[in-house]
Each structure stands twice: as structure tokens, then as C-alpha cells.
Amino acid sequence: MNLNYSDEQVMLREQIQKFCETEYDFYKREDIVKSNDDFDSNVWNLFAEQGWLSMPFSEQSGGLGFGPIELSILFEEFGKALVIEPYLSTVVLAGSLLDNSTFSSKNDLIEQICSGELHISLAYAEAGKGYDYLTPNTSIDKKGLLNGTKTLVLNGANSDKLIVACNRDNIFNLIILDTKTDGVSLNSFSTVDGQSCSEISFENVQLDETNIIAYGDEAISLIKDSLNLATLCVSAEAVGCMESCYLKTLQYTKDREQFGQPISSFQVLQHRMVDMFIESELAKSLLIKAMLEVNNRSDDMYKHVSALKSYIGTSGKLSAKEAVQLHGGMGVSEEMMIGHYLKKMISIDALFGNADYHLKQSGK
Amino acid sequence: MRPYSINQIKYIKKNIMNINFSDEDLAFRDEVREWLSNDYPQHVREKTEKGITISKEDLIDFHKALSKKGWMGYNWPVEFGGTGWSASKLYIFNKELGLAGCPPILPFGVGMVGPVIYTFGNDEQKERFLPDILEFNTWWCQGYSEPGSGSDLASLKTKAVLRNDLDEDYYVVNGSKTWTTLAQNADWIFCLVRTDNSGIKQEGISFLLIDMKSPGIEVKPIITIDGDHEVNSVFFTDVKVPAKNLIGEEGKGWTYAKFLLAHERFGIAGVGASMRSLNRLKEIISKLDNDDLQRKANELEVALSAIEITELRLLSALENGGHPGAESSILKIKGTEMQQALSELFVEASGEYALMYPGPHGYENNDKPAGPDFAAEGLSAFLNMRKTSIYGGSNEIQKNILSKFVLGV
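Chains as they are written, first to last, in the numbering used here: chain A, 1 to 364; chain B, 1 to 409.
Excised from the complex, chain A in its bound form (with noise of 0.2 Å):
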């Protein structure tokens, strides 16, 4: 047993850190939010020069080859900086989907998105099916024609290609199509956290088989997989968060006098950090146990990973609630990077599956 990162694990956060702590502050970040772009295309440049987007990617479809331990490192860091650009959409939910799949033209769309050039987004969810991406209404007919409306695309808006979970003869299916095919329309919006997603309606799209990822027991499983992975990611971006929120509150409330003397040294304060603290270093627990439970491939990662979902959705929330209450009338500033913490919280909880659906989830 051995739950030390490794020197080279090490050294990868802290190229992490260093970029951004140097070139994604909140300041910049909040020009990226305010702009009328969803994210910079200078930063996503950077990121394919810096090998970031080969990260994940088997070494024979050009990547890096790391796995869900680099990934959940990535994540945290990100969430500590609140990054928003659209690894998650593009890298992890399309494109280790892609990577794992035997589509024919995967190693030519991998290689596309390690250099920067292009954006793919999974369209796996549906209004009013809750948590349930398996069963969608979204179908082929027998003529080949698209037809149905997925919901949260994220970066929808901005994917040249969309993966789209649909239904052929009762039969699931994963699909790729051009965003601009005739009879795809977009309606996009932004996030509660600055990202940016779309509902995508598809009218009597026409298909072929080259369309056609997989479908079938194995599409079924390649967007599990995705789904799953692209749930540690979230999740170690909610420890990230967790530990900003702790870190940032302690420093505030040392800084911070009133009555005289910093804030930190009344007691009711500081119990409510150690708390704080506590609940970081018990979700990073978790996180450790589920990357790892997702590296080995184990029967039980997807409850492993559940577990720490709805933790981190429970006492990532109460963390960011806490920071923004104990930096007082800053908490709620906008131009404050605490009260986004807990924006952050939010989309986190919401996307694939809230706390109470994973604590269900967990005990199965």
C-alpha cells in the first residue's frame, strides 16, 4: 500500500499550480466569464502545446497515457483556480469516450483534440429522465433519420462535433454528428458557474452507418465509463474547491480585525475552520480511494466513485457555505473569488447525479 503521490505525480501538480497561479487568476478568469466567448482559445492553445490535452489518451492514439490519477491531480488544481474551459466536455466526456471505443476514425479525432483544433461534446442527457442517460427518447428511425432533444449539452455552442446517446430499435446507441449537419439546432445558455451549455434539437437528422460509434452493450458501457470518469473529475474539482474554501477563509479571517483583533482568534471561528479542514482532508480520503478504485478497473469503482459524489455535493456545499458566511459581507461580493466557490459547488452537485442520488447509489 502506498497512498503517497509519486515525485513525478508531484511534479505535475505543481506545473499545474504554476500556470495557474501565473496565466489564470480570478481576475483573468473573470474577463473570460464577462467576454462574450465561452473560453479563451489562447489559454485551450496553451493548454495542446503544454501536452494537457494528450493527458488522458492511450499512448497509441497519440496521448500521454495517464490515467484517472492525473486526471483527479488536473481537477483539483482546477478547482482550486476555478478554471472553466472545456477539458471536461471535450477531453474527458467525448474523448476518452472516443479513446476507448473502436470507432474507425477515432486515432484522426484524438489527435485533433490534443492539438486544440477541435471540440466534441457528449449529448447524454434528456429532459425529464432525471439521472437516467440510458433510456433515451432521442431515436433513429428506420429511414436513418435523427429525431429528439438532448438538455446540458455542455459547450455545446462550441463543439464542431456532438456525441449524441440515442435509440435505434430499442437498442441504445452512441453516435457522432457535425454540429452544423442539417436539422441540428442549438439553444445555449451559461452555467451557474460561467461555463457554457446547450439543448440541441435534432430534426429528421439524416444517419448513416458511419455515424455510428457503438451501440448496444458496449455503447452502454463506454458512456458508463465516460460518465464515470468524468465524475471523479468533478468530484476532485469540488476537493480542490474544498480546500480553496478552507485555505481562503483562514487567511481572510487572520487578515480580517474587528473589536481589535483578527477575526481568527475568537474560537467559534476557528472550530468552524478546523471543521472546515476536516471535511476537506475526509473528501480528499475519498477521492484517494476513488481514483484508484477507477485506475484498477475494480468491480466497485462506480460505487466507489458514487461515494465520493455524494460527499463531496454534501460537505463541498457546506464548505463553501461556511466560507462565504465567515468572510461576512465579502462572502456574497461578486467581485470576491469566494462567493464563486460556492457557484461552483452548485453546477458540481447538479451534474451527473446530486448527493442523494449517489448516497442511493453508493449503498447499492
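I should point out that these hints are in silico values taken from the structure, not numbers from a laboratory. Fair warning: this is a prediction, and the values are worked out from it, not measured in the lab. Please note: incorrect hints may appear among the correct ones.
[To be verified] Example chain B residues on the side facing chain A (calculated, C-beta under 10 Å, incomplete):
{"#": "1", "residue": "M17"}
{"#": "2", "residue": "N18"}
{"#": "3", "residue": "N20"}
{"#": "4", "residue": "M275"}
{"#": "5", "residue": "N279"}
{"#": "6", "residue": "K282"}
{"#": "7", "residue": "V302"}
{"#": "8", "residue": "S305"}
{"#": "9", "residue": "E308"}
{"#": "10", "residue": "T310"}
{"#": "11", "residue": "K334"}
{"#": "12", "residue": "S394"}
{"#": "13", "residue": "Q398"}
{"#": "14", "residue": "V406"}
[As the list claims (entries may be wrong)] With a cut-off of at most 25 Å between alpha-carbon atoms, the simulated PhoX-like pairs for lysine-lysine come out as follows:
{"#": "15", "chain 1": "A", "residue 1": "K284", "chain 2": "B", "residue 2": "K296"}
{"#": "16", "chain 1": "A", "residue 1": "K321", "chain 2": "B", "residue 2": "K296"}
{"#": "17", "chain 1": "B", "residue 1": "K404", "chain 2": "A", "residue 2": "K248"}
{"#": "18", "chain 1": "B", "residue 1": "K282", "chain 2": "A", "residue 2": "K360"}
{"#": "19", "chain 1": "B", "residue 1": "K47", "chain 2": "A", "residue 2": "K284"}
{"#": "20", "chain 1": "A", "residue 1": "K360", "chain 2": "B", "residue 2": "K296"}
{"#": "21", "chain 1": "A", "residue 1": "K364", "chain 2": "B", "residue 2": "K282"}
{"#": "22", "chain 1": "A", "residue 1": "K303", "chain 2": "B", "residue 2": "K296"}
{"#": "23", "chain 1": "A", "residue 1": "K303", "chain 2": "B", "residue 2": "K287"}
{"#": "24", "chain 1": "A", "residue 1": "K28", "chain 2": "A", "residue 2": "K360"}
{"#": "25", "chain 1": "B", "residue 1": "K404", "chain 2": "A", "residue 2": "K254"}
{"#": "26", "chain 1": "B", "residue 1": "K404", "chain 2": "A", "residue 2": "K303"}
{"#": "27", "chain 1": "A", "residue 1": "K360", "chain 2": "B", "residue 2": "K287"}
{"#": "28", "chain 1": "B", "residue 1": "K404", "chain 2": "A", "residue 2": "K284"}
{"#": "29", "chain 1": "B", "residue 1": "K47", "chain 2": "B", "residue 2": "K282"}
{"#": "30", "chain 1": "B", "residue 1": "K47", "chain 2": "A", "residue 2": "K364"}
{"#": "31", "chain 1": "B", "residue 1": "K296", "chain 2": "A", "residue 2": "K364"}
{"#": "32", "chain 1": "B", "residue 1": "K404", "chain 2": "A", "residue 2": "K321"}
{"#": "33", "chain 1": "A", "residue 1": "K317", "chain 2": "B", "residue 2": "K296"}
Cβ coordinates follow ideal geometry from the N, Cα and C atoms, glycine included.
Starting from the known structure of chain A, arrange chain B on it as the hints suggest.
Chain B only, in chain A's frame:
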């Protein structure tokens, strides 16, 4: 090229992180399980399985069986007759005993005074006391808290005055200790006593070993809210204690006391025993078809897993040469909260039968139990477990420790 490239990070040993125990550790786990099924005293097992409180004799049998196997010194170095186990073996040992429902190993001898004696005691004291601890010939108890000194332990007043009569050096001890666990069974007590009042309060404290049969010692039971007699008041009236029973130097007792507290960090979270409780609860709840209880059990399962991995992280850091810091305070706080929450869920699962309480020893007199058979045991545990967030430095004191050493405020 900007300096964030990861292209140059090449793995020498990929996936070095892993959560699996080594083959050696797994073989050890099997050895512990074998001992549990063959040599763990059967009559003790039967009682713990039925939730019947075990007697003094049962506890002695249990410890003697461990001693026979050579495992009594589970946390001691080999040179003093201990096992010299690695942190992971210690962890496995504690977890397996907990999972099997063994009573907790009494910490006062082997976990507390023993390490103080072999670290700070002289050769004569080591020879005199250590073998009896390892063979469980001596039952120790702990004389720390006093009626006026709980969390503020250093304010303790029990006084020891050095005298000399007929060339014999001895202390005369006067005062009282309280919350003394199982003092009614104890042969010896290790005490923090005040030998000096002149300086700051921590510097006038000494560490003294006292024979419980000494004239002038009186033990009075304190009955706790579960109705059981576990803790006591111990009164000292002109008790004569040979000066050779002083550990280390006079006035250094506080240092030894802090060492002792830091020493007992493994198994502090009680993960194995909590897992056993949780497994039983899950079994009970699965038959009740109650979503609310099921949800609470799921929550506890997730939280217990978080505690377990936190303990393993600490252990892993130790095995890689790290130094444990305030993490043991996290484990104390969360481990005891878990024990309390589990016992409370037993009570909730009893429904209206939580009303019935036959006392701490269950229905051992063949009264026909009304309601589910786990109800009495659950309530007894619930009431008894309130102590866990109070003892060993209350959880609020643990948070003060974390404030100081982690928050730095």
C-alpha cells in the same frame, strides 16, 4: 515553450500509488483471522455476540490469550518484548480484532504506561513492570482527571510530598482522581501528581506509579447514564509511595503525559469495530424496508470509508518516513462521532422499542425481551458511547489542538 509542459514528465514507475496491502501484510491478516477463529476465547466471543457485558475474568482471559500468542506488546518495539510491527500490521491487527467484535484491548498498561516506562523509566522499573504488562499480570488504571481538572488537566492538585524516614525516600500523596476507568479491577495506577507549586503549572507535575493496595486509597464507583459501573473516583489520603516509583525526573510528568497521548494514535478511530456495527445495522435495516434508515446507513458507510482512508493515509505517510501531525485529532473527532452515530441509528432502528431499557447488561436473566433483540444493546451502546467525544481530550479540545497546529491561530 512556457514552463507548464508536462510532456517531459515520464513515469519511471507508473501507478506507484496503490491501496492494496502487500502479500506479507495479507499473510499476517490471515494469521490474525486464524487466531480469532481458533484461540480467541470462545466464552468471550459468545458474550460479545449476544451483546452481554463481559466480566473482569473474561477480559483477563482475552488479554492472556493475546499474551500467549505474543501479541500483547502489539505496539511495542522488539527490544522490550513487543512485536515491532509495522504501521500497516498494527492497522490490520486493530481492524481485524474490531471486525471480530473483540473487546478493546485495555489501553492503560500496554498502550499508555508501558511506553512511558520503557522510554523514560530506569532499568529497575523496566524489569519490574514491563513483563507483567506483557503477560497481563497487572491491571493498570489511569490517574489523570480530577474533579477540578478535566480539559484543563495541568491545573491538577493531587499533591505528592517527598519525605525521608529511616533512610527511605517516599512520597506522601493526598488528593483525588476521577473518571478512573475500571479502577475497581486495577492493581496499579499511574498518576499525574503535583510536586511543585512555585512555577508554571505544567512544570510542577510528576509521573508516579502507585500500588492500588496501598493504605489510604479508596475507590468509589460512579454509575454512568447507561446504568453501568465503568468509572470511579479514587481518593488518596496520606498514601505512602516509594520514591523509586517516580518515573524519570520530578517535574517532568507533563512531558511524559504528552508523549503518552501522542503514542496511542493507532486504532484511535475504531474503524474495525465501527465496520462491524455498520454491517449489523445494514443487515437489520435491510429487513425493515425503511428508506429513511437506509439513507442514514448509507451516509454512515460513506463517512466511515472516508475515516478509514484517512487513517490509511496517515499510516502510509508514516511508512514513508513522514511525521504524524494533527491527523490523529481528526481521527479522534470523526471516529468517535461515527461510533456515536452508529449506536444512535441502532436506537432509531428499534422504533418504539427504544422505550424499553433493561439496563447495561441486557436481558441476561432470561427475561423475555419485548421488541427486537438489538434494541437493548443499541440503547446501552448509545448511552455508553456518549463518553467517547468527552474522553481522551474532548472533541472540543481536539479542535483547539487543530486550531493551534493546523490553522496556526
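Task: Evaluation of the interface hint that places N279 (chain B) against chain A, nearest CB under 10 Å - done: violated (13 Å)
Task: Restraint check for K47 (chain B) with K364 (chain A), where alpha carbons must lie at most 25 Å apart - done: With Cα atoms ~32 Å apart, K47 (chain B) and K364 (chain A) exceed 25 Å; violated.
Task: Restraint check, 10 Å cut-off on beta carbons, for E308 (chain B) near chain A - done: holds (8 Å)
Open item on the list: So, as I understand it, the hint says N20 (chain B) touches chain A; can you test that by seeing if any CB pair is closer than 10 Å?
Closed with: holds (6 Å)
Open item on the list: Just to be careful: measuring from the Cβ of K282 (chain B) to every Cβ in chain A, is the smallest value less than 10 Å?
Closed with: holds (8 Å)
Task: Hint check, V406 (chain B) versus chain A [nearest Cβ-Cβ separation less than 10 Å] - done: With a minimum Cβ separation of about 6 Å from chain A (threshold 10 Å), the hint on V406 (chain B) holds.
- [ ] For the pair we were handed, K47 (chain B) and K282 (chain B), check the Cα-Cα distance against 25 Å.
- [x] Holds, at about 21 Å.
Open item on the list: Is the interface hint satisfied for N18 (chain B)? The criterion is a beta-carbon contact with chain A at less than 10 Å.
Closed with: Hint holds; N18 (chain B) Cβ to chain A Cβ min 6 Å, cut 10 Å.
Open item on the list: Hint check: K296 (chain B) vs K364 (chain A), CA-CA at most 25 Å. Holds or violated?
Closed with: OK: K296 (chain B) and K364 (chain A) at ~14 Å, within 25 Å.
TODO: Would you settle whether the hint for S394 (chain B) is holds or violated, based on the nearest Cβ-Cβ distance to chain A being less than 10 Å?
DONE: At about 12 Å, which exceeds the 10 Å cut-off, the nearest Cβ of chain A leaves the hint on S394 (chain B) violated.
Task: Given pair status - K254 (chain A), K404 (chain B), alpha carbons within 25 Å - done: holds (13 Å)
Task: Hinted pair K364 (chain A) and K282 (chain B), Cα distance within 25 Å - done: Holds. K364 (chain A) to K282 (chain B) sits at ~11 Å (cutoff 25 Å).
Violated hints, in rising order: 4, 5, 12, 19, 24, 26, 30; the structure is consistent with all others.
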